[in-house]
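For reference, the chains in residue letters:
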Amino acid sequence: MSALLARFAPLRARSNAYFAQHRSLGVLVAVVVIGVALPLISRIPPLGDLQSMNAWVNAFTIAGIYALLAVGLNVVIGFAGLLDLGYAAFFALGGYTYAIVASPFFDIHLPFWPMLIVGAIIGAMFGIFLGAPTLRLRGDYLAIVTLGFGEIVPIVLLNSDPFTGGTNGLGGVDKPVIPGILEFTLINPWPFYVLMMVMVAVTMVVVFRLQDSRIGRAWDAVREDELAAESSGVNTVISKLQAFAVGAAIAGFVGVFNAAKLTIVAPDQFKFVVSISAVAAVVLGGMGNPVGVAAGAFVIYLVQSIFLKQLNTLIDNFNIPVLQEIDFLEFQYVLYGVVLVLMMLKRPQGIFPAKRRMRIFKDSVGAGK
Amino acid sequence: MATATGTVRTERVRGQLFLPAVITGFLALMLGLLGFDQFLNAMTLGAIYALVALGYTMVYGIIELINFAHGDVFMVATFVSIGVSTTLLGQSGAITDIPTLVISLVILFLVTIVIMALVGALIERLAYKPLRHAPKLAPLITAIGVSFILQNIIQFFVGPYITNVPQLFPTQWVFMLGESRVPFLNLFVIGSAILLMLVLQLFIARTRTGRAMRTTAMDRDASSLMGVDINRTIMITFLIGSGLAGAAGVIHGLYYGNTTFTLGFQSGLKAFTAAVLGGIGNTAGAALGGFLIAFIEVAAAAFGFGRWGSAIVFSLLVIILVFRPTGLLGSHTGDRA
Chain A
1 MSALLARFAP LRARSNAYFA QHRSLGVLVA VVVIGVALPL ISRIPPLGDL
51 QSMNAWVNAF TIAGIYALLA VGLNVVIGFA GLLDLGYAAF FALGGYTYAI
101 VASPFFDIHL PFWPMLIVGA IIGAMFGIFL GAPTLRLRGD YLAIVTLGFG
151 EIVPIVLLNS DPFTGGTNGL GGVDKPVIPG ILEFTLINPW PFYVLMMVMV
201 AVTMVVVFRL QDSRIGRAWD AVREDELAAE SSGVNTVISK LQAFAVGAAI
251 AGFVGVFNAA KLTIVAPDQF KFVVSISAVA AVVLGGMGNP VGVAAGAFVI
301 YLVQSIFLKQ LNTLIDNFNI PVLQEIDFLE FQYVLYGVVL VLMMLKRPQG
351 IFPAKRRMRI FKDSVGAGK
Chain B
1 MATATGTVRT ERVRGQLFLP AVITGFLALM LGLLGFDQFL NAMTLGAIYA
51 LVALGYTMVY GIIELINFAH GDVFMVATFV SIGVSTTLLG QSGAITDIPT
101 LVISLVILFL VTIVIMALVG ALIERLAYKP LRHAPKLAPL ITAIGVSFIL
151 QNIIQFFVGP YITNVPQLFP TQWVFMLGES RVPFLNLFVI GSAILLMLVL
201 QLFIARTRTG RAMRTTAMDR DASSLMGVDI NRTIMITFLI GSGLAGAAGV
251 IHGLYYGNTT FTLGFQSGLK AFTAAVLGGI GNTAGAALGG FLIAFIEVAA
301 AAFGFGRWGS AIVFSLLVII LVFRPTGLLG SHTGDRA
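Protein sequence lines, in the order shown, are assigned to chains A and B.
For the first sequence, the working numbering gives the first residue as 1, with consecutive numbering after it.
For the second sequence, the working numbering gives the first residue as 1, with consecutive numbering after it.
In case anyone wonders, no lab produced these hints; they're calculated from the structure.
Do not rely on the hints blindly, as some may be mistaken.
[Unchecked claim] A few chain A positions that, by computed beta-carbon distances, are all more than 10 Å from chain B:
1) Val118
2) Ile121
3) Thr313
[What the hints assert, rightly or not] Dumping the calculated DSSO-like pairs for lysine-lysine here, alpha-carbon to alpha-carbon at most 30 Å:
4) A:Lys309 with A:Lys175
5) A:Lys309 with B:Lys129
6) A:Lys346 with B:Lys129
7) A:Lys271 with A:Lys175
8) A:Lys355 with A:Lys309
9) A:Lys271 with A:Lys346
[What the hints assert, rightly or not] Away from chain A, derived, C-beta distances all over 12 Å, residues of chain B:
10) Ala69
11) Leu137
12) Pro160
13) Met176
14) Leu177
A quick note: this is a predicted structure, and the numbers were derived from the prediction, not measured.
Ideal Cβ placement from N, Cα and C applies to all residues, glycine included.
Please take these sequences and the hints and turn them into a complete structure.
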């Protein structure tokens, strides 16, 4: 095995060197490979027996939504070192932005594609709106302020019936259409899947390029030592605002997709638990590593929605009365809890640690106070 | 010289009278604004918030951790109190025989408080102590995890429904105060909460352990050098804080007669707001904040903004943290905010 690997070593070194130079191309190649591989993997016996190919593709698409949320939140937590506990609010704002202008509710039907960008812009605007007054707060207070914001937004959406449809939310949201070529439908999951892969590729390229840019280096500096960063000429407030805006923009962007995919937005979809699932994905995957957190989100979603459901059917087949009473889907919340506690205690850097040194969750020198 | 001392003394007396005067004025205003029934309602709700807020503020004061799981400790307490009432005491409804009632209530409070104190200390030992020297966000994330685990444990064993809690204290006992009906239950709830808060204040001010808690909050390393057992002090803080949440849980059950596994999140966040409003780390402030938050919520409902009650409280939380992180009464940790 190792001899085989050794034969390919020069090739790997060459490809690594090449993709280090052309990272965006590397991201595109990786996304295409993964995008083709996932449906194929889902045909392998134990997985293929669980559900149909279309169901798997649909599940991968939703997993992609969570992965993108984790990637966006990672910009805030992993890059800039700010704990955001109300991330679902931006996701909600993106979704509602699209639903308001593309549903029978106001009978406005704007096209989907430009709204993707508008959703991102609205997200970024609210990110700045929330961030501007709060970002000078210390870490744990900032976390609570974002949590408060995350609670306020669904309450406002719930109570502003004339604009948001109240509890029922906005239904019948338009699905994307490529005029004359393709109409997205609920029956065929493939167009959404391909679109999701494109969005993953775009987001990943943007995030990687930002990480390597002047802005990204400023985030590193702010995260590691805010005081030192400030005295080295980094405008820490601007830098943190940029992180907040980028994170919120990604959430708004994904929110538009989510609204179009589910064809309904309702306040219940954006509860605290959504924010926490994203935090859990970031913590599990490895703060600061975009690929790691996306993988973390992917794993968490698949475990909670496929594995736990299958556990239910599996248990039903055996006639064990006590276990049949249990709905294992209820365990998804405990999953977040266990992930957060165990990772913090045993492996705070995550399963796939970031390559750059991260101090904030490793030791206490200068980070806490 | 004599006049100077006199002025200082008058100043000090004026300083001591200022807060009680403001509080009395505020209460009178609220009484006029809300009417007696709503006033009593707000005071009762405030008593519960205040007891929960004390747990937040004590833990924050001593280890600067926002103990996110504290609201869920309160939630678990409501369920423990069901267990104590039905299994240990064998009661499922009001007890009208006064001696039995007194004994039952004492047992209910004591057992629930002890159980919850142990639960709180256990959480501290397992989830927070290993992270004592980690950056602050690490135990905060752990605390969120613990919160989810507690909710799920209850959801798993009891189910996701609203569960009835035996109201041992008869709700129909009332006396008339002028035109208004005053249930004894409300007086009992407010009275027992205020009693617990006074005991806590005395404990912190007068006992050796209380002094250890105060010094640890001020400077952990220095008090360690002076011979204070830090681990023991932090453990005791968690015992007391969770015990108070236990008492709040019992009171919530007696007063509202129902509970559910999601109770802890919203109540916890409101109690945390109360702690921040009063000045986090400051026990008197937490009690004050608890009552204030309750009044804000009840007033919002009374003026037809009931659906916005939570939003108003959380907006208040954001506003306080941004503009006055030291809260109303200030605190020793506020300067680091």
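Hints, one by one, checked against the model:
For A:Val118, the requirement that its beta carbon stay farther than 10 Å from each beta carbon of chain B is met, with the minimum near 26 Å. Separation of A:Ile121 from chain B is adequate, the least Cβ-Cβ distance of about 23 Å exceeding the 10 Å criterion. Non-interface call for A:Thr313 relative to chain B: holds, since the shortest CB-CB distance, roughly 19 Å, exceeds 10 Å. About 28 Å separates the Cα atoms of A:Lys309 and A:Lys175, which keeps this hinted pair within 30 Å; it holds.
A threshold of 30 Å between alpha carbons decides the hint, and for A:Lys309 with B:Lys129 the separation of about 35 Å lies outside it, so the pair is violated. At most 30 Å may separate the alpha-carbon atoms for a hinted pair to count; A:Lys346 and B:Lys129 meet this at roughly 13 Å. About 24 Å separates the Cα atoms of A:Lys271 and A:Lys175, which keeps this hinted pair within 30 Å; it holds. This hinted pair does not check out: A:Lys355 and A:Lys309 have alpha carbons roughly 35 Å apart, beyond 30 Å.
Under the criterion of a C-alpha separation no larger than 30 Å, the hint pairing A:Lys271 with A:Lys346 is consistent with the structure, at around 28 Å. The claim that B:Ala69 is not at the interface with chain A is violated, since a C-beta of that chain comes within 12 Å of its own (minimum 10 Å). Annotated as non-interface, B:Leu137 brings its C-beta within 12 Å of a C-beta of chain A; the closest such distance is 5 Å. For B:Pro160, the non-interface assignment is contradicted: its Cβ lies about 8 Å from the closest Cβ of chain A, within the 12 Å cut-off.
Every CB of chain A is more than 12 Å from the CB of B:Met176 (nearest about 38 Å), matching its label as outside the interface. Interface exclusion of B:Leu177 from chain A stands, the closest Cβ pair being 36 Å apart, more than 12 Å.
Hints 5, 8, 10, 11 and 12 from the list above are not met by this structure, while the remaining hints are.
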